[in-house]
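Using the sequences and the accompanying hints, generate a full structural model.
2 protein chains.
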Amino acid sequence: MIKNYLLTPGPTPIPPRVLETMARPIIHHRTPEFQKVIQEVEEDLKYVYQTKNEVLIFAASGTGAMEGAIANIFSPGDKALVVRGGKFGERFGDICKAYGIEFTALDVEWGKAVDPKNIEEALKKNKKIKAVFTTLCETSTGVSTDVEAIAKIMKNYEAVLVVDAISGLAAIPIKTDEWGIDVVISGSQKGLMIPPGLAFVSVSPKAWQAIEKSTLPKYYFDFKAYKKALGKTDTPFTPAVNLMIALREALKIIKEEGLEVIFEKHKKMAAAVRNAVKSMGLELFAPDAYSDGVTAVRVPQGIDGEKLVKTMRDKYGVGIAGGQDEMKGKMFRIATMGYITPPDLIVCIATLETALSEMGYKFQLGSGVKALVEALK
Amino acid sequence: MIKNYLLTPGPTPIPPRVLETMARPIIHHRTPEFQKVIQEVEEDLKYVYQTKNEVLIFAASGTGAMEGAIANIFSPGDKALVVRGGKFGERFGDICKAYGIEFTALDVEWGKAVDPKNIEEALKKNKKIKAVFTTLCETSTGVSTDVEAIAKIMKNYEAVLVVDAISGLAAIPIKTDEWGIDVVISGSQKGLMIPPGLAFVSVSPKAWQAIEKSTLPKYYFDFKAYKKALGKTDTPFTPAVNLMIALREALKIIKEEGLEVIFEKHKKMAAAVRNAVKSMGLELFAPDAYSDGVTAVRVPQGIDGEKLVKTMRDKYGVGIAGGQDEMKGKMFRIATMGYITPPDLIVCIATLETALSEMGYKFQLGSGVKALVEALK
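Just so you know, the protein sequences line up as chains A and B, in that order. So the first sequence is numbered by my numbering: it starts at 226 and just counts up by one. So the second sequence is numbered by my numbering: it starts at 226 and just counts up by one.
Hints are computed from structural coordinates only; laboratory data are not their basis. Take the hints with a grain of salt, since some may be wrong.
The list makes no distinction among identical chains, and a pair is therefore deemed to hold if it is satisfied within one copy or across any two copies.
[To be verified] The list that follows gives simulated cross-link-like pairs (lysine to aspartate or glutamate, EDC-like), each with its CA atoms no further than 20 Å apart:
#1 K353 <-> D402
#2 K532 <-> E258
#3 K438 <-> E279
#4 K312 <-> E531
Have a look at this one:
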């Protein structure tokens with residue numbers, strides 16, 4: 226018998242209160258009962274997004290909403306600026322390519338954050354840039370971007386700022402209205418603590434202006450159709466009913482706890498993880514630009530990173546994530562968001578110590594857990 | 226206290242065995258455990274689809290897969306033929322419009338089925354038609370299309386046949402390979418007995434040829450990306466994990482019961498509903514082209530159809546569907562698919578009798594239930 230602990234940066238574990246709601250008999254979506262769900266979810270999403278903008282809800286993974294942002298903002302001939310410092314930044318570029326939208330890539334070394342000044346430079350150089358795409362918390366590298374500084378710069382430009390906050394929302398601070406971010410994309414399976422299958426997009430009045438003029442083809446992700454339906458507390462297409470009901474419950478939990486409390490908790494937990502791995506002699510992948518939602522750690526020399534992740538999962542039941550793409554086998558990632566708690570982290574670090582030790586990595590056994598627990602005090 | 230009975234043509238009720246699987250702790254999707262889910266679901270979907278073709282799985286509502294079919298088959302300048310005999314046939318036309326694909330509309334009176342000969346005529350007239358779009362069971366009218374006959378005709382043409390079987394699959398017969406249907410679209414919340422949020426598409430080798438040449442923009446619904454990932458028992462984007470696990474369980478139930486048994490059961494149930502409403506002096510909306518998945522009935526003169534549906538739902542807990550678009554208030558629809566059983570139908574018809582009687586419709590009380598029960602024997 227094995228007991229499972231999930232500490233991956235999505236899907237994250239789901240509170241039993243939320244899981245339970247998904248096992249209830251289904252209701253029809255064109256009913257007052259479901260309209261109440263839409264209403265409550267919309268209101269609470271605005272709280273989490275810290276916005277007065279509409280938050281559109283899609284039955285899709287986060288990538289669907291990323292595509293939606295591109296298909297709804299641009300017209301043929303428009304230009305984009307894409308910050309690429311990881312797998313998900315790159316995805317924005319890939320979607321632009323698929324839609325024939327020319328883009329300037331602002332390539333940032335994996336593990337580093339973009340310098341907001343470089344965005345200003347690019348905007349100055351190319352007046353035709355209609356939108357800038359960046360990632361709040363780049364899941365693939367554990368890097369956090371200074372979105373606030375970028376938004377400040379962009380107030381002086383016509384371009385729309387689009388932020389992928391899929392693994393950032395409800396995990397680390399993002400103040401949509403106060404900072405002035407036009408489009409904030411998110412997904413259900415990270416800080417929001419429900420299974421994957423829902424994606425969200427908040428849209429500012431400035432972004433709606435761009436959307437009004439956009440002529441790229443779209444249908445399922447047509448933002449205007451969702452806005453119109455939302456005005457009637459409805460959805461243009463069949464919503465993912467059970468996930469919406471789960472979301473309602475998860476948002477209730479978030480509101481009960483309070484966003485600020487959650488952010489502080491994640492901050493403390495991530496700091497504790499960083500302390501723990503450093504005490505074990507391990508190296509952070511993003512020592513300066515780390516995110517408090519997920520910590521990326523370099524696999525030490527001589528250790529097989531893929532085997533490490535597998536051992537922890539299959540032998541000990543502890544799910545962490547490995548590296549993706551160019552970092553495959555060279556990195557592991559531990560999430561500190563949503564329904565991941567300090568006791569989960571203790572299990573995770575103790576298991577990491579055990580597995581690394583078995584694999585021949587030399588360090589002082591117990592040093593990680595000790596540093597973790599001290600930082601969690 | 227009210228007890229609820231759901232007899233809408235999607236979402237349909239969900240078996241407790243399936244609901245229970247959704248309340249289990251979530252697992253990560255890039256694991257051998259989830260690969261097993263993909264494998265089993267794929268195999269069992271092929272059984273339900275009666276095909277050897279790949280069945281692609283999307284985290285989306287059915288409309289997403291409809292858009293996918295269009296974005297993946299066509300290139301600018303291509304022509305389509307769209308059978309429009311209801312809300313969902315019309316949707317294919319709307320998506321073609323969104324993508325700038327010119328189409329010939331084969332408009333069929335609501336409540337009637339398309340004459341396959343008219344499709345042949347259109348194909349003869351316009352050699353540039355690259356794909357024909359039709360609906361197996363048109364949810365909005367309760368009409369069943371003779372897809373087998375259409376497929377037979379189309380064997381002599383280069384055009385690809387795309388069938389929307391969203392409310393048809395696992396509800397009424399469709400033999401993808403034997404009949405030779407290139408693209409079959411479906412969704413999770415009808416015959417497949419799980420909540421909305423998953424969409425499916427089977428793709429024939431002939432359709433893959435068209436897809437290879439297509440240049441319309443696509444990313445989230447890029448069929449080739451899903452095919453490639455499926456080859457590695459993976460998904461290109463984060464799958465809707467809990468819905469996939471629910472689907473595995475629902476497909477097990479379908480296999481245990483057997484497709485042929487299910488089709489016979491639905492056939493008998495739909496015939497019983499038709500008998501019941503006719504015995505009450507009501508008129509079928511599609512007397513000749515009825516589907517065995519959903520029965521559409523005209524609201525009698527002088528009765529407010531919207532009020533009828535509301536009364537049944539709010540006063541008696543029985544969910545049936547009203548009419549959509551031009552048939553709003555003039556039609557109601559009772560589903561006979563998935564986890565809807567004869568006792569549900571008895572409750573439904575008895576409630577229908579009660580509500581209609583209260584609203585002043587004159588008929589012999591008890592006649593509907595009597596006819597229903599006799600036909601169910």
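Here's how the hints hold up against the structure:
1. In this assembly of identical chains, K353 and D402 lie within 20 Å of each other by CA distance neither inside one copy nor across copies; the values are 25 Å within and 50 Å between.
2. For the identical chains of this complex, K532 and E258 are inter-copy neighbours only, at 16 Å across copies versus 48 Å inside a copy, given an alpha-carbon limit of 20 Å.
3. Within a single copy, K438 and E279 get their C-alpha atoms as close as 19 Å, which meets the 20 Å cut-off; across copies the closest is 38 Å, which misses it.
4. Proximity of K312 and E531 under a CA criterion of 20 Å is satisfied intra-copy only: 18 Å inside one chain copy versus 50 Å between copies.
Consistency note: the structure conflicts with earlier hint 1 alone.
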